[in-house]
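Number of protein chains: 2
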Amino acid sequence: MKNIEVCLTPELLKLYTAENKAVVVVDIFRATSTMVTALSEGVAAILPVEDLETCRQLSSEGYIIAGERNGQKAEGFVLGNSPLEYLEGAYSGQKIAMTTTNGTFAINQVKEKAEEILMGAFLNLQATADYLHTLNLDVLILCAGWKGKFNLEDTLYAGALVSLLSSTFDTSCDGALAAKFLYEQNSDQLESFLSQASHTKRLQNHNIEQDIKFCLTLNKYPIVVSLSGKILTITQEK
Amino acid sequence: MKNIEVCLTPELLKLYTAENKAVVVVDIFRATSTMVTALSEGVAAILPVEDLETCRQLSSEGYIIAGERNGQKAEGFVLGNSPLEYLEGAYSGQKIAMTTTNGTFAINQVKEKAEEILMGAFLNLQATADYLHTLNLDVLILCAGWKGKFNLEDTLYAGALVSLLSSTFDTSCDGALAAKFLYEQNSDQLESFLSQASHTKRLQNHNIEQDIKFCLTLNKYPIVVSLSGKILTITQEK
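Protein sequences, first through last, are from chains A and B.
Taking numbering that gives the first Met the number 0, the leading residue of the first sequence gets 0, the next gets one more, and so forth.
Taking numbering that gives the first Met the number 0, the leading residue of the second sequence gets 0, the next gets one more, and so forth.
The hints are simulated quantities; they were obtained by calculation from the structure and are not laboratory data.
Beta carbons are placed, not taken as given, at the ideal position from N, Cα and C, and that holds for glycine.
Possibly wrong hints are sitting among the right ones.
What the hints assert, rightly or not - FRET-style restraints, in silico, Cβ to Cβ:
id, chain 1, residue 1, chain 2, residue 2, range
1, B, Gly228, A, Thr53, 48 to 56 Å
2, B, Gln125, A, Ser227, 52 to 60 Å
3, A, Thr216, B, Lys212, 39 to 47 Å
4, B, Pro221, A, Thr216, 43 to 51 Å
5, B, Gly147, A, Glu74, 32 to 40 Å
Could you put the whole structure together from the sequences, leaning on the hints where they help?
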């Protein structure tokens with residue numbers, strides 16, 4: 000039986016093995032939700048970049064630059080970190096270079112280790128689960144957290160994915176068990192359960208209630224997003 | 000309002016501040032449960048020690064030595080890490096030097112930082128909560144985890160303590176919110192909920208079902224255990 004584990008923050012990644020696994024990176028508010036939305040809405044490719052300066056320089060190489068720090072759009076960037084900016088094909092056919100506080104950092108931690116690296120969001124939950132069923136790989140879900148700390152929203156997504164995969168994956172990791180329980184008990188009230196979470200409060204201060212609601216939408220986009228080389232694109236089913 | 004946070008493993012401690020706080024260290028299976036039991040059962044003092052060799056040498060200084068690694072009694076030690084060894088005053092009046100895989104490591108991480116350091120166990124849950132109500136200190140619960148990883152049993156205890164303190168403490172930390180939810184939904188079935196946990200399975204392989212059951216007993220001992228200098232003793236109420 001294949002195995003599934005949950006690493007609750009990138010700070011704990013050294014305790015897990017990413018090699019020969021499918022790693023699902025999740026940053027619900029908002030990096031991976033935004034990546035899934037952008038590609039579904041026609042963006043050609045996304046280059047995740049760890050620091051603001053590298054990202055900024057890519058502007059001269061034909062990339063639209065998207066940058067966020069501490070929940071707000073970084074100075075001088077065209078786009079911030081809202082999935083709503085990409086709706087109705089607003090950047091269809093474009094290449095995006097993107098840097099965020101937690102999400103792009105998490106991707107970099109596993110990018111040369113894992114066999115497959117997928118972007119997880121509630122928006123493409125079922126498609127990602129279906130794809131993982133077809134692979135002959137153990138799964139590690141890497142929650143991006145908030146500046147190294149555990150957060151509720153990424154954990155709830157991890158629990159949702161563990162729940163969907165539990166028929167064919169073994170889940171003896173305590174992080175996976177806790178996440179699965181938290182999700183299954185709150186699956187019909189994600190928004191109200193998360194309303195007490197630290198990150199939701201932080202984001203609400205920036206007037207992005209609409210982003211939160213959108214990021215908690217289940218299965219709006221039936222796509223799988225993976226890292227291919229340095230670039231995130233829509234994966235073709237194998 | 001006082002604040003309460005939960006650090007889910009010592010690996011994340013660098014993201015929290017222990018200074019000027021009451022830190023509750025918890026290692027349910029079994030270090031802090033054993034410490035609370037030993038002192039309740041008449042042990043005069045416990046000296047927590049991080050490594051086996053230092054602990055072994057204390058044998059010549061009048062200490063009974065207790066040592067555990069990976070769930071089993073360390074070679075050449077008088078005691079392992081079972082609370083049952085201390086029942087019926089078996090070591091009443093004695094001094095114990097103790098080293099364990101996770102618990103004594105966690106204590107050492109905060110011992111020169113926190114204002115007060117308490118040992119938390121289900122066995123003395125209410126007494127610890129009552130004591131924290133009397134202090135004018137914010138609280139940080141430090142889960143010992145398993146070799147750096149998150150574990151369910153320490154998290155459930157953290158949730159129980161957050162739940163008891165929530166009337167007078169603010170709990171905006173996501174770790175505290177998740178722990179509180181996990182505990183409140185499972186408070187009447189801790190043993191069956193934990194039967195799926197990795198650590199329970201690990202300990203069951205060592206035939207210590209009785210230890211597990213004992214460590215999950217609520218409020219058997221109405222004492223508060225704190226670190227005073229290098230020594231753990233029963234705290235007098237202030």
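Right, here's what the structure says about each hint:
Taking 48 to 56 Å as the suggested C-beta distance range, the pair B/Gly228 and A/Thr53 conforms, at roughly 50 Å. With their beta carbons about 55 Å apart, B/Gln125 and A/Ser227 fall inside the hinted range of 52 to 60 Å. Between A/Thr216 and B/Lys212 the beta carbon distance is about 44 Å. The supplied range of 39 to 47 Å therefore holds. The hinted window of 43 to 51 Å between B/Pro221 and A/Thr216 holds, with their beta carbons roughly 50 Å apart.
Taking the beta carbon of each, B/Gly147 and A/Glu74 are about 37 Å apart, inside 32 to 40 Å as hinted.
The structure meets every hint from the earlier list without exception.
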